[in-house]
Amino acid sequence: MDPYWQPIWLTIKLAGSTTLLLLIIGTPIAWWLARSRHWLRQPIAAVVALPLVLPPTVLGFYLLILLGPNGPIGGATESLGLGLLPFTFEGLVVASILYSLPFTVQPLQNAFQAIEGRYLEAAATLSASPIDRFFSIVIPMARPGFLSAAVLTFAHTVGEFGVVLMIGGNIPGETKVLSVAIYDHVESLEYAQAHWLSAGMVVFSFVVLVTLYSLNGRPGSGLVK
Amino acid sequence: MNDKRGITACFRCSYPGFELDVNLQLPGQGVTALFGHSGCGKTTLLRCMAGLQSADGVMSVNGDIWQDEKTCVPVHRRPLAYVFQDASLFPHLSVRKNLLYGYRRTPGQQRKIHPEQVEQWLGLSHLMNRMPDRLSGGERQRVAIARALLTSPGVLLMDEPLSALDQNSKQDIMPYLETLRDSLSMPILYVSHSAAEVARLADYIVMMDNGRVTAEGPLQETLARTDQPFGLEDDAGVIINTTIGVIEEQWHLARGDFDSGHLWIRSNGNLTKGQSVRVQVLARDISIALNPHPDQSIQNLIPARIDQIADDISPGIALTRLVAGTTPFVARLTTRSVETLALKEGQQVWMQVKSVAIVD
Numbered sequence: 001m002d003p004y005w006q007p008i009w010l011t012i013k014l015a016g017s018t019t020l021l022l023l024i025i026g027t028p029i030a031w032w033l034a035r036s037r038h039w040l041r042q043p044i045a046a047v048v049a050l051p052l053v054l055p056p057t058v059l060g061f062y063l064l065i066l067l068g069p070n071g072p073i074g075g076a077t078e079s080l081g082l083g084l085l086p087f088t089f090e091g092l093v094v095a096s097i098l099y100s101l102p103f104t105v106q107p108l109q110n111a112f113q114a115i116e117g118r119y120l121e122a123a124a125t126l127s128a129s130p131i132d133r134f135f136s137i138v139i140p141m142a143r144p145g146f147l148s149a150a151v152l153t154f155a156h157t158v159g160e161f162g163v164v165l166m167i168g169g170n171i172p173g174e175t176k177v178l179s180v181a182i183y184d185h186v187e188s189l190e191y192a193q194a195h196w197l198s199a200g201m202v203v204f205s206f207v208v209l210v211t212l213y214s215l216n217g218r219p220g221s222g223l224v225k
Numbered sequence: 226m227n228d229k230r231g232i233t234a235c236f237r238c239s240y241p242g243f244e245l246d247v248n249l250q251l252p253g254q255g256v257t258a259l260f261g262h263s264g265c266g267k268t269t270l271l272r273c274m275a276g277l278q279s280a281d282g283v284m285s286v287n288g289d290i291w292q293d294e295k296t297c298v299p300v301h302r303r304p305l306a307y308v309f310q311d312a313s314l315f316p317h318l319s320v321r322k323n324l325l326y327g328y329r330r331t332p333g334q335q336r337k338i339h340p341e342q343v344e345q346w347l348g349l350s351h352l353m354n355r356m357p358d359r360l361s362g363g364e365r366q367r368v369a370i371a372r373a374l375l376t377s378p379g380v381l382l383m384d385e386p387l388s389a390l391d392q393n394s395k396q397d398i399m400p401y402l403e404t405l406r407d408s409l410s411m412p413i414l415y416v417s418h419s420a421a422e423v424a425r426l427a428d429y430i431v432m433m434d435n436g437r438v439t440a441e442g443p444l445q446e447t448l449a450r451t452d453q454p455f456g457l458e459d460d461a462g463v464i465i466n467t468t469i470g471v472i473e474e475q476w477h478l479a480r481g482d483f484d485s486g487h488l489w490i491r492s493n494g495n496l497t498k499g500q501s502v503r504v505q506v507l508a509r510d511i512s513i514a515l516n517p518h519p520d521q522s523i524q525n526l527i528p529a530r531i532d533q534i535a536d537d538i539s540p541g542i543a544l545t546r547l548v549a550g551t552t553p554f555v556a557r558l559t560t561r562s563v564e565t566l567a568l569k570e571g572q573q574v575w576m577q578v579k580s581v582a583i584v585d
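As given, the protein sequences belong to chains R and Y, one line each in that order. The first sequence finishes on residue 225 if you use our numbering, and the numbering steps up by one all the way, no holes. The second sequence finishes on residue 585 if you use our numbering, and the numbering steps up by one all the way, no holes.
To be clear, the hints were calculated from the coordinates, so they are not data collected in a lab. Note that beta-carbon positions come from the ideal geometry of N, C-alpha and C, so glycine has one too. Just to be clear, a hint being listed does not mean it is correct.
Interface residues of chain Y toward chain R, partial, derived using beta-carbon atoms under 10 Å [unchecked claim]:
(1) Arg272
(2) Gly276
(3) Ser279
(4) Thr296
(5) Pro299
(6) Phe309
(7) Ala312
(8) Tyr326
(9) Gly327
(10) Tyr328
(11) Ala369
(12) Ala373
Quick list of simulated restraints, FRET-style, between CB atoms [to be verified]:
(13) R:Trp196 with Y:Pro299: 53 to 63 Å
(14) Y:Pro299 with R:Val207: 39 to 49 Å
(15) R:Gly75 with Y:Met356: 53 to 63 Å
(16) R:Leu23 with Y:Pro443: 39 to 49 Å
(17) Y:Arg355 with R:Leu23: 48 to 58 Å
Using the sequences provided together with the hints, build the complete structure.
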């Protein structure tokens, strides 16, 4: 592939896989956080929100240790024959999932909380089992929340830099995503290329946010309050 | 397995500032009204019956055990239908899809009520493709009732289905409820704080106050009780189910027959022969004569036996329970009349009924 397009394609691939996996992982977490009265609810909500406040380097640093050859997870992946995750695309996906988790969970959690219990009760009296209620009532009614979650997660993953640099490094075609490529261009004083990519990012981000706001009608909904 | 027909509901639960403690045996057919002012626990009781709220207790419907010490069937496996105060139609589904939500989840061989039927019963044909937010309050509630019925339930639970509606919508929906009462064989439990709705719909009544049952019984019997658990005072009276036997157009009168006599009702031309009509006879509209006087204007003269004479809460008034055949009536007489006519319990007298109103 044209090395010029390579970081862009890699970024889309990373953001796409992260978004898809996070919608699957984040939905049950968000549902539990929205409905549970368990004492662990607040601590878990805090853990999910941690990436919002932590410097990405902190997250990247611990992931590097955990996934590295001497870390517990690194040891496990190696003995399973999966190899080591740091400095691979898969490693980037794992890191992005953790880093973008709040951007999936929080819009979903807000959407789930907005669904009044009476609809679920009505569905129960109409013979719908809990799983059935989730798919026939909760998911359709929370559709704007799913849309926000997907768009925010995708956009946030596209914009990540610190974690990528810590855990992925700068391997063309494997871990060199857009934000790293821009950094590279600036380092080597290739301002023209940096301009193209940066302006592209500005336009992309603007389009994403305009789409999101006009779809939801409520700016800022689903973001941290 | 409990073979008994009827509904057993025995619940006990407490919240800060409120305790529910009831033990009811209710009829397995007809409309049972759970009546009381707001906060008396009637809705909580209905929710416990449905399993929407957890409480210790026993619940069985016509031999089918829903809850006891060992088991608690989850709501979605109970053969019930529930109509909420606020309709709770699914906002993302059209009327048609709302209706079919429960129907599709009911196994084929258990479906006894079908969409075409409820469409007709509840007048929904022109609404099928609308979204719930394009419906009026009354229409929404009709859709909710239809949606509930399409699960072909063993019992229909209704939680103040009319309370969120304005007077016109109430008048609008009442005939539909009467149709359902008369055409469905399933028992209906109807929560209400409106004496008018209860008078019009109920066959059996449970009065509640502060989480407890204060009175219960068949509607007619309960309304004719001299201790007046309803506290209707001036409006005390009985409700009688009659069937129109004769219509005399020339006099604008119709004869409503009940099991032990008949009452002449003023007809405004919209009654038909054979129609069943609920009429109300107020206690203050009944006077008593020892002999049937032919030379008087009152049309309704019914022989009856004095069953009980009790003091009313108003001084100088005696609330008198009379029985014509098997039908109880209640009359408000002055204590002076009781004294001068020397009325006593067990005596045969003639009831003169000044006015009979169709309940609506």
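Evaluation of the provided hints:
Nearest Cβ of chain R to the Cβ of Arg272 of chain Y: about 9 Å, under the 10 Å cut. The hint holds. Hint status for Gly276 of chain Y: holds, given a least beta-carbon distance of 8 Å to chain R, under 10 Å. Restraint check, Ser279 of chain Y versus chain R: the minimum CB separation of about 13 Å is more than 10 Å; hint violated. Against a cut-off of 10 Å between C-beta atoms, the interface hint on Thr296 of chain Y is violated, since the closest Cβ of chain R lies about 17 Å away.
Interface restraint check: Pro299 of chain Y against chain R, minimum CB-CB distance 8 Å, threshold 10 Å, status holds. This hint holds: Phe309 of chain Y has a C-beta 6 Å from the nearest C-beta of chain R, less than the 10 Å allowed. Interface restraint check for Ala312 of chain Y: the shortest CB-CB distance to chain R comes to about 9 Å, inside 10 Å, so the restraint holds. For the restraint placing Tyr326 of chain Y at the interface with chain R, the shortest Cβ-Cβ distance is roughly 5 Å, inside the 10 Å limit, so the hint holds.
Residue-level restraint check for Gly327 of chain Y holds (minimum Cβ-Cβ distance to chain R is 3 Å; threshold 10 Å). Residue-level restraint check for Tyr328 of chain Y holds (minimum Cβ-Cβ distance to chain R is 9 Å; threshold 10 Å). Evaluation of the Ala369 of chain Y hint against chain R yields a held restraint, the C-beta minimum of about 8 Å falling below 10 Å. At about 7 Å, the closest approach between the beta carbon of Ala373 of chain Y and any beta carbon in chain R falls short of 10 Å, and the interface hint on this residue holds.
For Trp196 of chain R paired with Pro299 of chain Y, a C-beta distance near 59 Å keeps the hint of 53 to 63 Å intact. Between Pro299 of chain Y and Val207 of chain R, the C-beta spacing of about 47 Å keeps the proposed range 39 to 49 Å intact. The given range of 53 to 63 Å is respected by Gly75 of chain R and Met356 of chain Y, whose C-beta atoms sit roughly 56 Å from each other. The given range of 39 to 49 Å is broken by Leu23 of chain R and Pro443 of chain Y, whose C-beta atoms sit roughly 58 Å from each other.
At about 32 Å, the beta-carbon gap between Arg355 of chain Y and Leu23 of chain R misses the expected band of 48 to 58 Å.
Consistency with the previously given hints fails for numbers 3, 4, 16, 17, ordered from lowest to highest.
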